[in-house]
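In the order they appear, the protein sequences are chains Y and U. Residues in the first sequence are numbered consecutively from 36, following my numbering. Residues in the second sequence are numbered consecutively from 48, following my numbering.
These aren't lab readings, by the way, just hints derived from the structure by calculation. No residue lacks a Cβ here, since even glycine has one placed at the ideal position from N, Cα and C. Take these hints with a grain of salt, some might be off.
Unchecked claim - Under 8 Å between C-beta atoms, here's a sample of chain Y residues computed to sit facing chain U: (1) Gly-41; (2) Ile-49; (3) Gly-150; (4) Glu-151; (5) Ser-164; (6) Ser-171; (7) Tyr-175; (8) Glu-214; (9) Gly-217; (10) Glu-251.
What the hints assert, rightly or not - Far from chain U, by Cβ distances over 12 Å, these chain Y residues were calculated: (11) Arg-120; (12) Gly-135; (13) Gly-149; (14) Ser-173; (15) Phe-216.
As the list claims (entries may be wrong) - In silico lysine-lysine, DSSO-like type, Cα no more than 30 Å apart, as pairs: (16) U:Lys-169 <-> U:Lys-218; (17) U:Lys-109 <-> U:Lys-380; (18) U:Lys-380 <-> Y:Lys-299; (19) U:Lys-149 <-> U:Lys-396; (20) U:Lys-195 <-> U:Lys-149; (21) U:Lys-195 <-> U:Lys-242; (22) U:Lys-149 <-> U:Lys-109; (23) U:Lys-149 <-> Y:Lys-299; (24) Y:Lys-299 <-> U:Lys-169.
For reference, the chains in residue letters:
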Amino acid sequence: MIDVAGQLFTGLSIAAILLMVALGLAVIYGVTGVINLAHGEFVMLGAYAAWFAQSFLGLGLIESLPLVFLAVGLLGLAIERSVIRWLYSRPLDTILATWGIGVVFQQLIRLSAGGELRYVATPPSLEHSVVLLGVSISAYRAFVLIVALAAFAATWLLIFRTTLGLQLRAVTQNREVAESFGVNAGRVYASVFAFGAALAGLAGALVAPLKSVAPEMGTTYVVEAFMVVVLGGVQSLFGTVASSALLGELTAFIAYVSNDTIAKALVLLAVVILIRSRPRGLFTKAARA
Amino acid sequence: MSINRRHVLGGAAAAAAGVVAPVPHLWRRIADTAWARSGEIKVGILFSLTGTTAIIEESLHKATLLAIEEINAAGGINGLRIVPVQEDPASDPATFAEKARKLVISDRCVSVFGSYTSASRKAVLPVFERQRNLYFYPTLYEGRECSKNVIYTGAVPNQQQDDFVPWLVEKFGKRWYLLGSNYIYPKEENNYCKKLLAELGAEVIAEEYVPLGHSEFSSVVNKFRSERPNVIFSTVVGDSVVALHRQYRAAGLDPDTMPMASLTTSENEVAAMGGDAAAGHFTSAPYFMVWQSPENERFVEAYRRRWGRDKVTHFVSEPAYFQVYLFKQAVQKLSPSDITPENIREAIKGEEMTAPQGRVRIEPENLHTWLWPKIGRCGPDGQFTILKQSDRWIEPDPYKAYPNQRCTATGLKEV
């Protein structure tokens with residue numbers, strides 16, 4: 036018997052992690068067009084920041100979240116100002132540059148924090164499981180789901196309800212015209228990159244109690260994040276949500292009826308086929324620019 | 048410069064002189080190639096210090112070096128100092144083969160200590176067989192190998208499972224869920240496990256493999272919940288072990304009624320997942336850090352004094368340590384001019400010593416090691432409590448799942 040509600044929640048909790056990881060990438064890619072291969076390393080740095088806060092500052096995971104968000108965001112800002120901003124007109128070079136930055140961070144962490152797997156504790160208040168609609172679900176996974184939705188709401192508000200968001204949308208549509216109206220495009224790009232990095236850092240801190248924390252952990256996330264973003268459509272925020280939900284539920288379902296190895300292969304195959312027939316993603320509006 | 052006949056002839060004469068002249072030197076070189084010379088004996092150390100498995104291999108590297116340093120401090124082997132030649136194969140099988148060739152051919156190491164993964168062992172195997180050198184391999188592995196150029200000091204499936212599986216069936220029940228990472232090691236372990244379960248009349252309700260490095264276990268955990276197995280037999284490896292345990296715990300499953308029984312969860316993985324997530328689950332291995340014996344106390348103390356107070360020893364670093372002593376005992380039996388890899392192999396057959404885990408012995412037939420399997424249950428403090436030690440040392444049988452094959456001193460025999 037397939038436990039439908041339990042299965043739906045499993046899919047949702049996978050989707051929540053996908054969404055958290057992909058959101059930052061979607062924002063950066065959608066606005067600046069930079070293919071940020073160091074995104075996985077921002078996730079990894081977020082996890083290490085949470086570990087650092089826990090082992091050296093004595094902070095629990097929830098208290099450390101704002102700190103992680105700020106720290107990785109500032110780092111993203113520094114990288115944008117020092118490297119990325121020189122490369123906006125050379126999108127291919129950004130791939131190489133961000134990949135290199137990723138490798139540097141991996142090795143820096145290995146040299147400073149060491150290669151062993153690190154431990155980040157689950158917040159004690161979220162260690163139990165709760166029963167919802169007859170399904171027993173992990174309180175921590177529910178928490179991740181809520182944070183992911185909150186992060187999405189915050190991103191949506193930022194883009195569609197603030198002045199920065201207005202400028203950002205203007206720059207996305209046409210940088211030259213926006214600049215001629217007095218929008219400081221450089222500043223917009225820098226804030227977007229920093230925000231995207233901060234979201235990735237947050238994602239890293241959130242997955243740390245569920246998975247292991249290691250210097251190489253970012254590589255799998257960056258692949259998953261790109262899959263979500265490409266499937267959802269590059270400039271569609273709701274597309275990112277919908278495609279993470281779709282991929283999460285699909286993975287959970289196939290893994291349940293067969294196993295995770297098959298699920299991984301079939302989901303990738305499905306994405307390839309979908310991209311073949313809808314190259315701009317599932318949820319793209321007709322582009323105006 | 049134009050080429051004329053005089054140049055060519057002159058060059059040829061010089062070349063001829065070059066061929067003739069070094070003859071005495073050549074002689075000296077051959078004399079120099081004795082395996083033990085000027086009071087030294089060279090061995091290779093081949094554990095990854097970078098790359099994905101560096102985390103664990105670094106501890107094997109350290110255990111090996113510790114043993115070598117101890118032996119040298121105590122006067123070496125018959126007065127010969129062991130000189131370790133260290134290479135970093137970077138967790139890459141092709142690099143393993145390349146570095147092995149360098150250690151054996153250019154450095155003329157008489158034996159090499161190395162490898163954690165089966166993939167890296169398989170990659171270096173042809174080098175050691177062709178060069179007739181000797182490889183010391185400390186990791187528990189899937190068995191089904193019968194090389195005359197490898198000394199295996201880790202456990203094979205029968206040694207970890209013969210006591211463990213019947214004990215679990217009796218204590219927890221007959222519905223088993225087999226979960227492993229998707230590669231050769233878990234499949235061979237499960238082959239043997241299924242054989243034992245069939246003999247005990249127990250039932251395999253699922254056999255499932257997840258991709259290597261997999262970290263999303265919510266679907267698997269969901270299946271645990273709906274299938275309600277009595278025992279989850281886990282041969283998941285690496286970071287996946289950590290993710291599996293943490294997500295099992297987050298889902299609120301109970302180790303008292305549905306424990307995970309693992310062949311691969313050591314003190315290392317437990318440190319990364321936290322004692323809470325590991326508590327209540329079982330591991331079978333010949334060695335645990337908490338094992339109480341004078342030899343183990345000495346080993347743990349020496350390891351921590353040398354490499355740091357926070358370091359742990361585990362069931363792969365212990366063989367990495369004692370196999371150097373077995374090497375020493377074998378070499379000790381030989382006169383310096385007799386020291387060759389093949390003579391060391393012959394000398395090590397049947398060799399015994401008291402290792403931290405207990406008395407161990409190299410089986411002359413298959414060059415694997417007689418070991419003392421133990422069953423440990425992890426506590427919330429991240430250390431194991433040893434519930435049971437095998438009442439005898441267990442013979443290694445790398446082909447036990449394949450009754451028509453047998454590894455003998457002359458090679459693999461079909462029976």
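Hints and how they fare:
1. Gly-41: OK, holds: Gly-41 (chain Y) within 8 Å of chain U, min 6 Å.
2. Ile-49: Holds, about 6 Å.
3. Gly-150: This interface hint holds because 5 Å falls under the 8 Å limit.
4. Glu-151: For Glu-151 (chain Y), the interface hint holds, since the closest Cβ of chain U sits about 5 Å away, which is under 8 Å.
5. Ser-164: holds, 3 Å
6. Ser-171: holds, 6 Å
7. Tyr-175: With a minimum Cβ separation of about 5 Å from chain U (threshold 8 Å), the hint on Tyr-175 (chain Y) holds.
8. Glu-214: violated, 43 Å
9. Gly-217: violated, 47 Å
10. Glu-251: Holds - the Cβ of Glu-251 (chain Y) comes within 8 Å of chain U, reaching about 6 Å at its closest.
11. Arg-120: holds, 32 Å
12. Gly-135: holds, 17 Å
13. Gly-149: violated, 9 Å
14. Ser-173: violated, 4 Å
15. Phe-216: holds, 45 Å
16. U:Lys-169 <-> U:Lys-218: violated, 37 Å
17. U:Lys-109 <-> U:Lys-380: holds, 26 Å
18. U:Lys-380 <-> Y:Lys-299: Violated, because 55 Å separates the two Cα atoms, which is more than 30 Å.
19. U:Lys-149 <-> U:Lys-396: Judged against 30 Å, a Cα distance of about 27 Å means the pair holds.
20. U:Lys-195 <-> U:Lys-149: holds, 20 Å
21. U:Lys-195 <-> U:Lys-242: holds, 27 Å
22. U:Lys-149 <-> U:Lys-109: holds, 21 Å
23. U:Lys-149 <-> Y:Lys-299: violated, 39 Å
24. Y:Lys-299 <-> U:Lys-169: Given that 30 Å is the threshold and the Cα spacing comes to 27 Å, the pair holds.
In summary, the numbered hints that this structure violates are 8, 9, 13, 14, 16, 18, 23.
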